[in-house]
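Listed below are the residues making up each chain.
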Amino acid sequence: MHVSSVEERAERAKDKKAIYGTDVDLESYESEARPHEVVQQAEELPSAVKKAALDVGVKLDKESSGAYVQMDQTPVIAKSLYDGVEIMDMASALKKHDYLQDYWWKLVAPDADKYTADVAQSPPAGYFIRAKKAMKTVFPVKSCLYLGSTNLNQRVHNVIIAEEGSELHVITGCTTPSHVQRGLHVGVSEFFIQKNAKISFTMIHSWGKEVEVRPRTGITIAEGGSLSNNYICLRPVKTLQTFPTATLAGKGAVASFNTVIYSSMGNIDVGSNVNLNAPDTSAESISRVVSVGGEVIARGRMTGMVPGVRAHLECVGLLLSEKGRIYSIPELDGRSKDLDMSHEAAVGRISEEELEYLMARGLSSEEATSVIVRGFLDVEIKGLPEELKQEIKNITQREDLKGA
Amino acid sequence: MVRLLDIQDLSVSIGSKQVLKDVNLRIDPGETHALFGPNGTGKTTLLNAIAGIPRYVVDSGRIIFKGQDITRMSMDQRARLGIGMAFQRPPAIRGLKLKDLIKIINPKSDGPAILKEMDFEPFANRDVNRGFSGGEVKRSEMVQLLAQQPDFVMLDEPDSGVDLENIKLIGDAINQLTQKDMRPSQRTKSGLLITHFGHILEYMKTDMAHVMMNGSIVCSGNPREILDQIKKSGYEGCVACMCPA
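Those protein sequences? They're chains Y and S, same order as listed.
Residue numbering for the first sequence follows my numbering, starting at 21 and increasing by one per position.
Residue numbering for the second sequence follows my numbering, starting at 1274 and increasing by one per position.
Looking at chain Y on its own, in the form it has when it is part of the complex:
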């Protein structure tokens, strides 16, 4: 797709509402951001940014394959520490690699809705990460998208390419410092997982009570490739809507989605959409939602196009307050014979039997509740940093859960 046609399509979609989620008034946000100083080492980042990154489990000075940090619209560091991985800011990458035109806006349509249109009409900012052919990295690439200015519309467009036989782990933390009262984050991400390549992608969101979030993600997985996608959002957010779409395009491709949500307010509409288009592909999507307030819509859609595919959806919600709502929508769309698709959905309260069992061992009602919720949220995501596991454990100790 030529750049001009991307812009034309975006222009036509600039008022197009998204299918899901509440409508955001883009005009009410500022699109001009003040620039930030670029640094050479992650250690030189402002301490507020390093601290915010830590809060979302991104330890920038620890072992990693590289780092990308974007403050508002400025990529302040894009650095690879490993030959096998290329990390650049998107604007520079587009200049350097002509071939990127074959990837740019190929998995997310610029005219999908007004958010993608808005990103398409803005100067490119975001990360480009490429795992080179057959390069297997152990340490993750760590990235932090930091929305540091009140009222800003932060637009990000990321591209990840895992070349044939490569292995790449990415941890992205998206966050605002507490002084940011209001903001919008729109992130377009396109992931290309080539033959026999493997990506694990873990995204942790920690926003403010007046922040709106609209990630737009498209993923394609070629023969023998695999994706493990983890999404965690445990802090309050005003509105959030995302429905990443993965297409299993080659024989034997595998996708797994884990979603963990702890909601106390706002409107959260999350899910995953997987198209199983090739033989022997399989997909699994597990979502765990705890609500002590706010509305959570947990979606999951799997579409099986050819014989022999396997898909499983699990949407389980714990509703702990009168003020909350959990709306679980698992969808299975079988369009061929000989496929195997299933789902399990449940919304409920904490089982009295489990509570009593733990109380019989001497735990108070609050302690027992906390232990059960903690266990519920523990989806055993592999490769998660220890700090983040701790963060998930800590979350259930919070005041707002007491007496639930």
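Derived by calculation from the structure, the hints in this document are not laboratory data.
Ideal Cβ positions, reconstructed from N, Cα and C, are used throughout, including at glycine.
Treat the hints loosely; a few may be bogus.
Over the 10 Å line for every Cβ pair with chain Y, so calculated as not near, a few chain S residues [unchecked claim]: (1) 1286; (2) 1287; (3) 1295; (4) 1330; (5) 1374; (6) 1400; (7) 1409; (8) 1440; (9) 1455; (10) 1500; (11) 1513.
With a straight-line cut-off of 16 Å between C-alpha atoms, the simulated EDC-like cross-links for lysine to aspartate or glutamate are [said to hold, decoys possible]: (12) 1441/S / 1454/S; (13) 1376/S / 387/Y; (14) 1372/S / 1332/S; (15) 1504/S / 1475/S; (16) 152/Y / 106/Y; (17) 1370/S / 398/Y.
Following the hints, complete the assembly by docking chain S onto the known chain Y.
Leaving out everything else, chain S in the frame of chain Y:
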């Protein structure tokens, strides 16, 4: 000597149905009692009422434990006071590892040693009771009680679903919990056990047995004699023979 447990004229209902009628039961420190009776007669209800499960409503009577009236006390308070229970069919808890629960129950307990003792080490990192077989569930219960170290332990059919090899392990654990390895004069811990077939009694020591019929204790006596009589002539026959009205 203060009685460890003193149940006085206890009547308990579940919903609108009265299950226990004027139950009286006294257990002294160091004693372990067995409770026999047909299905649905109220044995589990008695244990659950002593544990304090809220659904089991005490209509009249009192439960005195260590000299304190615990009739209205919450479950966790009772547990902290020294009451422990091995559930007949405990729930599974997703995401809670057995080794972590052991630590939560008693931070000072030696988890690895307890797991080893119950030959249960491979289950340390498993979610509590999740996907456990009937016998494994019973060993999981014993592991948790060995961590909790209650002064009074209630065992609701600890032998059901347990194979012959593991029944001895369970019996040993109960003997340990009820201090049967110590001299009678030194024992302070007590127990109350429900068993249907009495297999477990071959591996553990009991001091007294009771027969419950229709929500009341109708006969008490020597465990071996009562069990033999039940096997010979059924519950009613046993009561007619051992405890004629």
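Check your understanding: Which of the numbered hints are not met once you compare them with the structure shown?
Key -> 5, 6 and 14
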